[in-house]
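Residue numbers (this note's numbering), protein chains in the order written: chain A, 1 to 156; chain B, 1 to 758.
Treat the hints with caution; some may be incorrect.
Said to hold, decoys possible - Each computed DSS-like pair below joins lysine-lysine, with the alpha-carbon atoms no more than 30 Å apart:
no., chain 1, residue 1, chain 2, residue 2
1, A, 151, B, 633
2, A, 151, B, 5
3, B, 19, A, 151
4, B, 5, A, 153
5, B, 5, A, 84
6, A, 84, A, 156
Unchecked claim - Stretch by stretch, here's where chain B covers chain A in the computed footprint (C-beta under 8 Å, at least three residues):
no., region
7, 22 to 35
8, 42 to 49
9, 69 to 83
10, 133 to 147
Keep in mind that the hints were calculated from the coordinates and are not lab data. Where is the CB? At the ideal position from N, CA and C, for every residue including glycine.
This is what each chain is made of:
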Amino acid sequence: MNIGFTLNGRTVRVEVGPSERLLDVLRERLGLTGTKEGCGEGECGACSIIMNGMLVNSCLIPAFQADNSKIETIEGVVETAIGKAIVDSFAECGAVQCGFCTPGFVVAGAALFRENPDPTEEDVRVALSGNLCRCTGYSKLVEGVLIAARKLKERK
Amino acid sequence: MAVGKSVVRVDARSKATGKAVYVADMFMPGMLIGKVLRSEFPRGKIVRLDVKKARSIHGVHAVLTADDIPGKNVCHVVFEDMPLLATGEVRYVGEPIALIAAETEAAAQLAIEAVELDIEPLGILIDPEKYNSPDSPILFGEDNIFAHHKIRRGDIENAFAQSDTIIERVYRTTYQEHAYLETQGMLAVPTAEGGIDVYGTMQCPFYVHGAVSDVTGLAQSRVRIVQTTTGGAFGGKEDVPSLVAGWASVLALAAKRPVKLILGRTEDFVSMSKRHPSRVEVKLGATKDGKLTAAGIDILFDGGAYATLSPVVLWRGTVHSCGPYRIPAVRVDARAVATNKVPCGAYRGFGSPQTLFAIESAIDELAEKIGMDPVRIREINHLRRGDETVTGQKLGESVGLQECLERAITESDYYNLREKLHGRNGPVKRGVGISTIFYGVGLGAGGTHFARSGAYVGIQPDGSVQFAVGTTEMGQGMRTVLGQIVAEAFGIPFERVYCLPVDSSRVPDSGPTVASRATTMSGRAILVACSTLKGNLAGVIAPEWGVSPKAITFGENCAFRTDNPAKRISWNDLVERAFAQKVVLTIVGYDSSPPTSWDEDSGQGDAYVIYAWAVNVAQVAVDTRTGVVRVEKLWAAHDVGKAINPTLVEGQIEGGSVQGLGYALTEEYIIDKNGIPMNPRLSFYHIPTTVDAPEIHPIIVESAYSEGPFGAKGFGEQPLMGIAPAVANAVFDAAGIRLREQPFLPERVWPKLKKGAR
Ligand code: FES
Ligand code: FES
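The following block holds chain A by itself, in its conformation from the complex (with noise of 0.2 Å):
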């Protein structure tokens, strides 16, 4: 079936199967590497994305759902202030190691921040636990978001 929808503030079609999942839309159609798949079964967070505002794991999503959407990935996360904040600070902290984690812990921030700019550690913690690291032991991925959400602040 043919579907559209909002990617990263562009409107796109493309032309899906029935079983088709999202992440492979993204990453095989469209071009968008920058979403990872680490487990395909919703257990790891490397294909997280926001949806609609949500953050989701886009290898649950069947991509006929994506039908009228507005999604954003890592590739659009990071052109905004926000995800270039995380990035920023995720880089200056040592949060990232081998990276293939790092995408969706950028999308995961990102969606934090929107719904509490100010976040304590514990929060940063809860709203990250949906997301897998297997290298860092996640201390330099929460100080990173911690960091990334005091200097979005001071900027205000």
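Starting from the structure of chain A, add chain B with the ligands where the hints point.
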């Protein structure tokens, strides 16, 4: 100064923005999807394997069995016992039998289903402790033993007879899955001139290089291996990528098209290597004032269906089995045996987390029996400079254990903290535990033939520098750390240096990226190259200054006279002049480890050239109503020689500690008594999340290693290794129960709480 500074890692932004290219992100015209048909039986005879129907499916370009492999059907690791594809017999659930290359996932799946396969079940061996029981089948050699290592030191019988206190205990550990976020994957591309290029996620490009040449029958000169951005490895991408690359390569050659083969998560779980399950029996003797007198240790590792890396993993486990202590009489017997389960292999710590869990728990149990504080018994016995290890190696420099211990105790405020936590009442009991460990850096006597490394360093006409090494970046930050070493050697800013991706055609075989050896080994090769290049550059200006090239120093973006620093020339000007004079500014540096001495029969000799050291202090909370153990705080002191990049060192400590925490508390991969994997997915195999990770206090100790680049020695594996025993010891401190089997899940903890079992 570039060394010692926490520069931002080179790949941070490309990764965080999603631009970094992992193998799954690569697409090529005409590219096919590769798939593997695997055994569902733990052991059986292949009585029928017919792929005709599968080949005729629309969109399928190749279906291959063992008979279609153009080269040798083998994946060489330590022995040549593991085939690329099963022939005759399958030996574990998940063993590869046939390969498919198709235009789409769907066509590949149809082809898998269309393969006509009959397997006749054979008798199985699942419990490693039954390896020598008469009704177990023989899976390897004559006795199912992949390897047997020993340590013999002193008069053990006499030493036990003279001991005031003796304890005997048995400890068990189970599998650990690497759970790298990026699963295994390779893209093989046939070249127009009959060779093959292979791109993929890996730790050891030169293993892959050899393996692809073996199975394709192509000359090594026609095989090129390029490492793509690698999404975590932890040992899990040491030997098994050779299989994945082998499969993709034979498919690509048969189909004459690029083939991308990415494992699904469950497939990866079922078929790729794991940490060896173990049973470790420890007998320890001591005098009444706590001096260790004797250690008798019996180790059994479950190796799985093929030997793969078991002999060397076991060797490291053996050498580390007595902990970082002075013990005059020692007898260790270690065996790795065959079972009908997935082959176990390398995982961060490489056999040592199992034996360290045993010895570090046993030391605490011994202290308790003597009535001594766990810290005190360690202070009395731990290795110091000038001491001999249990393999008879005299320790020279860089023995930072004492400083690690002192700092971990001070920074955690160990004694006061314990008292404070014990003073609290309520159903949640809190306590503190400690572990002291060590790690032999590099391959050691068990792998001297691999112990070499090369580095290409090329100064560009504009004065920037590019370099390449044969060890790999898998997330640990190697490219950044080595860039800092290059910058420091030339005295130029870090930003002017760039590390190229690993390509087997660019650098000489540098051995594997394992054993925490990348910084030290590639660092040394880099320094060899830089020193030659500096000599060449100095030769350009020396005659004019009337000094020998040796009297010229590089630093501050300049070269200057050592005796008169005012006499100087800028780096860029000097490079420009060197180019004009056609001086060689591109070179390959090469280094090999100093040889170690080793006697396999007695297990005596210099096991490793240098050791890293660590002390962990864990604060835990044990909920006596539920049996849930939580680690609340962790102090981890590591002697790394020199922290080239402190933030990256902290990252290794934090990440490794949390992996160790998963090993201690929640990670349990179950293969049932019929050989069937029970929980091969991330939703049933629980790795720690943001809410499980404790507050971690990394403590960096720098006891310089004179042969290491700027004093550095490798340590990346060490943070995982001592967590489980520190947690077990803390649980004992909190609740008075002794956990001798990891992971410490509530169902294991709660019954002991109920019984008050020691
Ligand atoms: S790939 Fe979607 S949650 Fe893991
Ligand atoms: S950085 Fe490797 S999984 Fe998070």
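Status of the hints after comparison with the structure:
no. : hint            : verdict
1   : A:151 <-> B:633 : 28 Å, holds
2   : A:151 <-> B:5   : 23 Å, holds
3   : B:19 <-> A:151  : 24 Å, holds
4   : B:5 <-> A:153   : 29 Å, holds
5   : B:5 <-> A:84    : 24 Å, holds
6   : A:84 <-> A:156  : 15 Å, holds
7   : 22 to 35        : holds (count 6)
8   : 42 to 49        : holds (count 4)
9   : 69 to 83        : holds (count 4)
10  : 133 to 147      : holds (count 10)
Of the numbered hints stated above, none is contradicted by the structure.
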